[in-house]
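Chemist: With chain A fixed as given, assemble chain B with the ligand onto it according to the hints.
Line by line, the protein sequences give chains A and B. Each residue of the first sequence is one higher than the last, beginning at 1 in the working numbering. Each residue of the second sequence is one higher than the last, beginning at 1001 in the working numbering.
Since the hints were made in silico from the structure, they are not lab data. We put the beta carbon where it would ideally sit given N, CA and C, even for glycine. Honestly, I wouldn't trust all of these hints.
Listed below are the simulated DSS-like cross-link pairs for lysine-lysine, each with C-alpha atoms no more than 25 Å apart in a straight line [to be verified]: (1) K154/A with K350/A; (2) K192/A with K1225/B; (3) K107/A with K142/A; (4) K1160/B with K161/A; (5) K1092/B with K445/A; (6) K1092/B with K1225/B; (7) K1192/B with K19/A; (8) K142/A with K1160/B; (9) K19/A with K42/A; (10) K161/A with K1225/B; (11) K1092/B with K1160/B; (12) K445/A with K134/A; (13) K313/A with K350/A; (14) K107/A with K382/A; (15) K382/A with K1225/B; (16) K256/A with K227/A; (17) K446/A with K1092/B; (18) K92/A with K19/A; (19) K446/A with K425/A; (20) K161/A with K350/A; (21) K1225/B with K42/A.
Covered stretches of chain B (chain A as the covering partner; in silico rule of three or more C-beta atoms under 8 Å from a C-beta of chain A) [claimed, not checked]: (22) 1193 to 1199; (23) 1210 to 1223.
Which stretches of chain A does chain B cover? Using the computed rule of at least three CB atoms under 8 Å from a CB of chain B, they are [stated by the list, open to error]: (24) 14 to 27; (25) 380 to 388.
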Amino acid sequence: MSKQQSFTDQLWDFFCSLKLAIITLILLALTSIIGTVIQQNKSPQEYMEMYGWSESTFKLLDSLQFFDMYHSYWFLSLLGIFAVNLICCSIKRLPRIIKVVREPVLKADDGLFRTFSNREEILAQGTVESVRDKVVAVLGEKFANPVVNGEDGKSYLFAQKGAYSRFGVYVTHTSILIIFVGAMIGNVWGFKAFVNITEGQSVNAIWLRGDKVPTPIDFEVRNDDFKVEFYEGGGRPKEYSSDLVVLENGQEVMKKTIEVNHPLTYKGLTFYQSSYGVAGDPIYRFRVENRATGDAVTIMGAQGRHLSLPGGKALIPMGYAENYQNFGPAAQVNIDKGDHQHGTPFLVFKNFPQFDERRGGDYKVTLLDVQQTYYTGLQVAKDPGVWVVWLGCLLLVVGSCGAFFLSHRRIWVTIQPLEQGVGVKIGGNAHRNQPAFALFFDELKKDLDDALSS
Amino acid sequence: MDSSLFFNITTIAYFAAMVVFIVYLTSKNEAIAFGATLICWAGFIANTVAIGMRWYEAYALGYQQAPLSNLYESVVFFAWSILLIYLLFDLKYKQRAIGAFVIPFAFAGMIWAQWSLDATIAPLVPALQSNWLTYHVITCFLGYAAFALACGVSFMYLIKVGKEERSAEESPIGGLLGMFPSTKVLDDLNYKAIMVGFPMLTLGIITGAAWANYAWGTYWSWDPKETWSLIVWFIYAAFLHARFTRGWVGRRAAWLSIFGFGATIFCYLGVNLVLSGLHSYGGS
Ligand code: HEM
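Excised from the complex, chain A in its bound form (with noise of 0.2 Å):
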């Protein structure tokens, strides 16, 4: 019985422990090393192509889960040893910290005196209640307002500031816990998907990552437009943009133009614009000239077809590009003698019309415009513990703010009779920043001084 006492007390001592909470900040932030440097999630062809690897190597690696060792057993432990650490060193401390903001010493003896680093004594002429009231109007004007106890003929003082700053530390470690706990919703009851939906067409269902079928979601989202713009001077683009429907029961409920960093988000789903791609072949509307007549026509078709031009012949769209060398959209075609002969290609631009007017031949051929349907591709995702992470996130930030920046100011005056007079001993200590303070009291001592001289 004994022995599992202390077995247990060696565990608690254990998780208590400082050392642990080093050596784990350390391990962790040693092994994370690893994942920067092996990519994650990869194949195994990809794995011993990248690096070379022979299959015993990768089969070693694999086993001790470096291909996903964020969320190896290993790791995940290591970051359940640390919460286990934070929790029970917090229990362990937190009754003695509220112990000192709730119930503080308001009476200092010699012995607490002698543990201040900063002290002093005045010798005040007056009657120990005279002496107090002008202590207490001191503090209270400079300080904080005193508790005052008398006993035995003497008066004991004491004053606080900023006592709550004790609590920053447990603030900022309860935030990590809370951190962890809303990465878990997160785990357990979020998800990522990707959905592609063409122009004018609406879906009901998402792609789960990893999964082979879609999953239905209760309402529907439908594309209506999809946009690029690219960047003058370059291929790069510089904003896409699709206009997103939600229906429910084919009620339209919400309308968004979404872009890159600014998505839609419906029933705790929420849609990010990530990709783009075309979906099938452009339609074309060219207006063509018969050089020797100038009579013109205005033709319109699909990729690949024949649109026929009067006298027999026929134009052929043959490709487009949305920004050819950066002139804008380009067409490639080529005329089609009515032999069934291709004839030779040639590149016809939406923004230059006249461009053509230089190839000779028996056309001249314009480019009036391209409909180039499009899907957009959006990455869907749910994350219910987003919230709690971010709530986790403010508590971390105030309360590490709160243990560096504040400090608990404590201040025990005692007033005594003596022979020659009445004696006043200050004494006072900070939780931190030790020389600020130590500059508040001279300042203070001063004060008293001034005061009880007068």
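Modeler: The following block gives chain B with the ligand in isolation, referenced to the frame of chain A:
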């Protein structure tokens, strides 16, 4: 007149300040230290003007982005942050000699940026266009800058304490070291700087997470840059706990601080230059 002129002035000022601080250490003349501090202020103002002008220049090109969009801009901002933190510490603690060990970091950044980084203003890809980017970069860099100061002070500590131990018998240490603050002050400054840097880094990590969540729907994806910022955070958390509960002060604290700054620099530069990831700076 454009921003590059002011960036050149900044670089020259930091170089001059560095040299004058070293002269101060040998001459022990307080007036020289004051001069060096003035040069720091001048360089800092030039640095601020240069960043402001670059912001305007990007704006004139039609890019609505803060000047924190590529490696060049981030390095000059890092230099700016170091000066900001240094000057604040100088106002508060008035330990002039530490300039000789802190300004070199800012100068190294500026000269590297001016000599070998691409200074063209390029537009940001859509994924990076967000105010979160600005908050994220500012908080991270103020943290990094405080760690740089802690690292510089730690070097001074180690030099001074080593010398003191070797010449324990001989009376007051002269030479360059005479002007160093006492080891007690250096140790305390190391801690104070980390106390500023740690909450800043915490904010930096949180704003980064908020941004990732807003833009990609995940606040944490263990990409190398994120992971390294967490590693740095763990190291400084270990530093703080070791210090006030296990009494790791002095030499061990100094080494931990230098080690922490090494990890910080790896997080900032190494990850992009050595490892691959999602972030925009460097590399690609
Ligand atoms: C990364 C996680 C952690 C962070 C960010 C953190 C943060 C802090 C901060 C800001 C302080 C106050 C520092 C100061 O007063 O100078 C502190 C103190 C402390 N921490 Fe942590 N901490 C972490 C993990 C832990 C763990 C795992 C333990 C395990 C037992 C622990 C135990 C303590 C103790 C005992 C104190 C001193 C409390 C006091 O002064 O009464 N911390 N921590």
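Chemist: Evaluate each hint against the coordinates.
Modeler: Hint by hint, here is what the structure shows:
1. K154/A with K350/A: Violated. K154/A to K350/A sits at ~98 Å, over the 25 Å cutoff.
2. K192/A with K1225/B: Given pair K192/A, K1225/B holds - Cα atoms ~21 Å apart, limit 25 Å.
3. K107/A with K142/A: holds, 20 Å
4. K1160/B with K161/A: violated, 38 Å
5. K1092/B with K445/A: OK: K1092/B and K445/A at ~24 Å, within 25 Å.
6. K1092/B with K1225/B: Violated, at roughly 33 Å.
7. K1192/B with K19/A: holds, 23 Å
8. K142/A with K1160/B: Not satisfied, since the Cα-Cα distance of roughly 40 Å exceeds 25 Å.
9. K19/A with K42/A: violated, 36 Å
10. K161/A with K1225/B: violated, 42 Å
11. K1092/B with K1160/B: holds, 22 Å
12. K445/A with K134/A: Holds. K445/A to K134/A sits at ~13 Å (cutoff 25 Å).
13. K313/A with K350/A: It holds: about 22 Å lies between the C-alpha atoms, which stays within 25 Å.
14. K107/A with K382/A: violated, 57 Å
15. K382/A with K1225/B: Holds, at about 24 Å.
16. K256/A with K227/A: Distance ~14 Å between K256/A and K227/A Cα, so the pair holds.
17. K446/A with K1092/B: holds, 24 Å
18. K92/A with K19/A: holds, 15 Å
19. K446/A with K425/A: holds, 14 Å
20. K161/A with K350/A: The hint is violated at about 74 Å.
21. K1225/B with K42/A: holds, 18 Å
22. 1193 to 1199: Contact hint for the region 1193 to 1199 of chain B vs chain A: holds, 3 residues under 8 Å.
23. 1210 to 1223: holds (count 10)
24. 14 to 27: holds (count 6)
25. 380 to 388: holds (count 4)
Checked against the numbered hints above, the structure breaks hints 1, 4, 6, 8, 9, 10, 14 and 20 and satisfies the rest.
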